[in-house]
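Single-letter residue listing:
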Amino acid sequence: MKILLSVPGSDKSSRFLERFKKHSLPYFLIVPSVIFLILFSLYPFISGIWYSFTSIGWIKDTAKFVWLSNYSQILIGNIGISQWFKLAVVQTIYWTGIGVAGMFFMAMATALILNEKFPGRFLFRTAVLIPIAMPTVILALTWQWMYDPFYGIVNYYLFKLGLIHNANTIWVGHPNSSIWPLIVVSVWRGFPFMALMLLSGMQGIPTELYEAAKVDGANVFQRFWHITLTQMRTTIVITLILNIIWTWNSFDIIMVMAASWGQIAYKALTLPLLAWVEAFRWDHLGRGAAISVMSMLVILALLFWNARRELRSINE
Amino acid sequence: MTALTNSKLDQTDTRRQIPWLRVRFLKKAGRLVMLYFLAGLVALICLTPIIWMVKTSFETTRYMRSSQIQFWPIQPTLANYLNVLNNPNAAIGRSMLNSLIVSTLATLLNLAICATAAYAMSRFKFRGKILFAIYLLVFYMIPGTLLLIGMFVMLARLHLVNNWIGLILIYAVGGIPLSIWWLKGYFDSIPVEIEEGAMMDGCNRLQALWKVVLPLALPGVVAVGIFQFVGSWNEFMMALTIIQNPKLQLLPVQIVNFMGSQRIEWGPVMAFSVIVAIPAVILFAIAQRGIVSGMMSGFTR
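Those protein sequence lines, which keep their order, are chains A and B.
Residue 1 is where the first sequence starts when you use my numbering, and the numbers rise one by one after that.
Residue 1 is where the second sequence starts when you use my numbering, and the numbers rise one by one after that.
Some clues are possibly wrong.
[Unchecked claim] Straight-line Cα separation of at most 27 Å, DSSO-like style, residue types lysine-lysine; simulated pairs:
#, chain 1, residue 1, chain 2, residue 2
1, B, LYS247, A, LYS60
2, A, LYS267, A, LYS86
3, B, LYS55, A, LYS160
Bear in mind the hints are in silico, worked out from the structure with no lab data behind them.
Starting from the given sequences, assemble the full structure and let the hints guide the process.
Laid out in structure tokens, this is it:
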């Protein structure tokens, strides 16, 4: 920095220029991203909230301010959209709560296994990595084929094991089909990546801790509980929060398996899907926006405390 | 006293040497067997649907509909691939080109915006930095559908629906928070002294970024780019909503449309799936080392 100040001929104005240059550089650097973020995320976000208070149905409509009319249509009453909304709230909570819990269980087990050293470990690691890279859409299609009532392997094996009585059980793709088969797909789709996230935290735990605990006579479970879980606290919290957000807002699996052809299976829709169907299938952009806003408020309330914690440590 | 204990220890050692070794060996072998069993189980869970997809893509329709279930095609055939490559409804070549163009442009735009911003976040303290960081975090919690609705009306008013421009912008912007955090992590790991040295030699800050920092962070930049590319390649919701013209359609939507356009033939659909998945898997495999650590470094701060 000394060089800048010792520039020859540094009279007052050029020094001001230098200072301006020096202090404005970071702003020049972030300006492009700020502009893009304002135009293509902040503006659509705010206008989306605004549309939730308007009568806009499709793009050619003028957006007339109607106060909370959309919200009351969704929240009050028991038929049509308000019925589906109540269903969707419950389903979103199942989808996220049970889905993320299942993912976490599977991911923790996977991470613990892959954290051990054994020959050929990288092969198993690759096996876990492969599904992560694939588009969710085609995985959902594959599962739809596996759930096929007549020729699918799910029915085949479940029937063979005596877990179902009807060899042609319809799991998905029917207007009445439920969200549970989709939660299975979501867990399967989500856990490998979660396992990698947990694994990256697990590898940061010093091995001395385990050795010391072994000397003190702690068994496997005590070591897992007191060392692994305690040391990984931050990683676990972040992993869970991210996965809760992703799962809550996830779209592809349900869209492909419950809403893309034939009739829509309302009993398998979560809030984001209901919002999409309302906005783009039934041309009620305003109402769709209102559903999205309410969905977002719930997730924001859930995650507020984390944001606060995150902010405290940002400017270090 | 000490002599006594020593001799005692020696005695027990010699007496128990062989059984003790055997126990240790058994313990070790048992641990390995258990690990292989559990790891195999996990791998099986992960790969079964994918093996089933690949298997179906090589299976003839007749045998697909048989009650015999096996994981190797009963009569391997390339018919499904030929079908899907020649089927005008599938339009696989065109949609692949579309996806390639959109994903590449979105990735390049994203990297161009984010590299500079990440550099600023890494090297400077400035007013508004916290606000910017907050926004990057909040951005994650905005539901895609809400953004999509606002975006869709905006694009419609600009006559950009059914146009790649809107989609490219959405993908590029959607990846901003992750890219910035991730690249910031890479820049943080490069010592400031290197740039200061370059600036001594007469570079200004931007030149130093371009000539010194970026080349050093190149592996990281490539990993971020690949992640963004695969993300755009795999994206479904935005493409589904914004592009309705079948000629402009991208792969993930195209495959769903292809499936809906006829009586469901799982053979060609699975063949299509395999073709879509291969580039994503290969790219991801190249960058996988950086991806998880990079992502986590963005959040564990």
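Structure-based check of each hint:
no.	hint	result
1	B:LYS247 with A:LYS60	24 Å, holds
2	A:LYS267 with A:LYS86	11 Å, holds
3	B:LYS55 with A:LYS160	21 Å, holds
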